[in-house]
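**Q** Given the sequences, and given the hints that come with them, work out the whole structure.
The primary structure of each chain is shown beneath.
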Amino acid sequence: MTPVANSRLPQLLEGRESHILDQWIKAQLAGPLSRRGMIPDSEVRDQSREFLGLLRHAVGKGSLDSMEGAAWQGVRDGLADISRSRSTQGFSASETATFVFSLKQPVFNALRDEYGADAAGLVDEIWKTNALLDKLGLYTTEVFQKSREEIILRQQEEMLELSTPVVKLWDGILALPMIGTLDSARTQVVMESLLQRIMETGAEVAIIDITGVPTVDTLVAQHLIKTITAARLMGADCIISGIRPQIAATIVHLGVDLSAVITKATLADAFAVALTRVGLVVRPGSARS
Amino acid sequence: MERIPILKMGELLLVSIQVDMHDQLALTLQDDLTTRIADTGAHGVLIDISTVEVVDSFIGRMIANIAAMAGVLDARTVLVGMQPAVAITLVELGLTLPGVRTALNVERGMALLQAEVRALAPDRRPGEGDGDAGR
Amino acid sequence: MATLGDETLEIRSSADIVMVRQAIRSRASELGFSLVDQTKLVTGASELARNTVEHGGGGRVRVEMLKDGNRTGLRMTFEDEGPGIPDTALALTDGYSTGTGLGLGLSGTRRLMNEFRIHSEAGKGTRIQVARWR
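For the protein sequence lines, the chains are X, L and Y, in the order given.
Following the working numbering, the numbering of the first sequence begins with 38 at its first residue and continues without gaps.
Following the working numbering, the numbering of the second sequence begins with -14 at its first residue and continues without gaps.
Following the working numbering, the numbering of the third sequence begins with 11 at its first residue and continues without gaps.
Be a bit skeptical, because a hint or two may be false.
[Claimed, not checked] Derived, one-sided and incomplete: chain L residues facing chain Y with beta-carbon distance under 7 Å: (1) 7; (2) 39; (3) 41; (4) 70; (5) 73; (6) 74; (7) 77; (8) 78; (9) 92; (10) 96; (11) 101.
Don't read these hints as lab results, they were simulated from the structure.
Ideal Cβ positions, reconstructed from N, Cα and C, are used throughout, including at glycine.
**A** Structure, rendered in structure tokens:
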């Protein structure tokens, strides 16, 4: 473990902090991130100032060899925050790591001034500082990767939720309004969700509305037919509504056989059929005054 | 020998499959049901698979056979309670059981059968039977 | 790829088909497969086990629980020393039947799995390997 006393980094960061900070901010603003204008200059300044403060504190209290200790918690948390926010903003892992790596030059400059003619001391110090900043840069990358994975997972869940809304129109009648492009995976999830709801609610009719679906390919058409067949095996009937002329043409062109399936142009028409199927009739009520 | 019990409820026969059937048990059920339909003159058969977790092509064929043979003996068959996972798997297997009527549960299945039996013979009064578990 | 479990079950009679179903249900549940995927695995196993008994004269299934990076899988290899399938391509088409009913069920079973490999020659037995991943 490198005794803190042997390194002049703590004093350096203490005494020359504002100078190092200025140079560092300049380097970042001149770099690719700023050129893209994706982060406001003020944010770069604030993040850098905060990080340098945390670094000074950690270097002053803890060991230079390992980042694991309690003294480095502040630095780790700070880096993790910046890494996560850069990741959300759409930067790459290396672009994010540049935040740390661009600190090297200003620090090395300050070290050179500090050590003057003491070449051996300078080389030693530069080596230690370099190793430290490398570790910090790599840590940034690790956090970055993790947060990307978390984003993807969360988006997947949200997508699944959005794409499987099964609504109850009336006792025994469910509707599944499908929106957006259907792909094989999504259609399967939707199919399972609909069948599950049919069982849970004891629905006799399920209306699958595809008004919001721009195109249907063979795979999706097959999935729809499988869903309808499975629902039938469970004892429920399905009606497809909202087939637009283009989709009707595609279906015929693909040779998909929908003769066994009830199809209606609108959800309203389908609902009317469903009501009849469950033995219900809609009558005008008494007038309200 | 192990058998699946068949309940008589008026004009209907009710079978509730609650075990993971091995092939022989399934074949025995097929035979037993056919015999029972002929013996009792039942006009409806209700097969409850609401607790069945796996239906493979053998069981699927058994169900289709029962429906076909019952039909020949002038009885209607309704299959009730298929679980979603089973339905999805059967469709993927390519087994669609055409010609087998289905309903969500025993209650609906019985209502369906009784309506059909009534339609076939208006002067006969179904469901008025003893409802006991005769064998 | 790591192996979390590896066992071989003998399939000699139709009673063994039930045993295979239950074993696969157990393993699939342990691996955390969804209910639908479990059902597909068990149903597929039932089909292939029955084939092994009825067309292969008996055989065995090797059940492997695998881990490959982020995904876990269940792999089943059904093997017999029976008469074999002369034309596997034909056997894999829908509706193929040897006259005893709905056919070998191979094409249907294939649709239940993520992976399906068959190796068989007339007089040289049959090996069918299937797997599902999560």
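**Q** Are the hints correct? Go through all of them and say.
**A** Status of each hint after checking the structure:
no., hint, verdict
1, 7, "holds (5 Å)"
2, 39, "holds (5 Å)"
3, 41, "holds (4 Å)"
4, 70, "holds (4 Å)"
5, 73, "holds (6 Å)"
6, 74, "holds (5 Å)"
7, 77, "holds (5 Å)"
8, 78, "holds (4 Å)"
9, 92, "violated (24 Å)"
10, 96, "violated (28 Å)"
11, 101, "violated (28 Å)"
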